[in-house]
Amino acid sequence: MVMVDVEQAAHQLAELKALGLSIAIDDFGTGYSSLAYLRRFPLDKLKIDQSFVRAINAGPEDRAIVAAIVGLGHNLGLGLVAEGVESAAMADALLDLGCDSLQGWHFGKAEPAERFAERLA
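Reading the sequence shown from the start, the letters are residues 1 to 121 in the numbering used here.
Hints are supplied without guarantee of correctness; some may be wrong.
Stated by the list, open to error - Computed spacing ranges between beta-carbons, pair by pair:
| hint | residue 1 | residue 2 | range |
| --- | --- | --- | --- |
| 1 | 14 | 121 | 30 to 40 angstroms |
| 2 | 14 | 111 | 34 to 44 angstroms |
| 3 | 110 | 51 | 36 to 46 angstroms |
| 4 | 115 | 21 | 37 to 47 angstroms |
| 5 | 114 | 71 | 33 to 43 angstroms |
Since the hints were derived computationally from the structure, they do not count as laboratory data.
Every residue gets a Cβ at the ideal spot worked out from N, C-alpha and C, and that includes glycine.
With the sequences and hints as input, model every part of the structure.
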């Protein structure tokens, strides 16, 4: 969602949250995911952008960026979801940093809805 009118967006998100929906910022750390939104919006989760997740084991600076996002989110009482997890090493590093949830091809690739429904049955 492009944030043109932040006050209107905050109001609409508050209405959605009042209906019981969970609110997350997707691709946190890129694009429109301003730090100001952390104060203005009634958030439940931050989804760490896969560009940071994929670099988690590239070096200490990359790990420090993810650690800072996780720490910030937890200090604000938010859940953290790491996007784009593609290996056990990435998953282990993210869990070590305290990330709450992981998503990505390491856990399963996209598949047709029918096949997914069959696996649930």
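Which numbered conditions among the earlier hints are violated in the structure presented, ordered from lowest to highest? 3, 4
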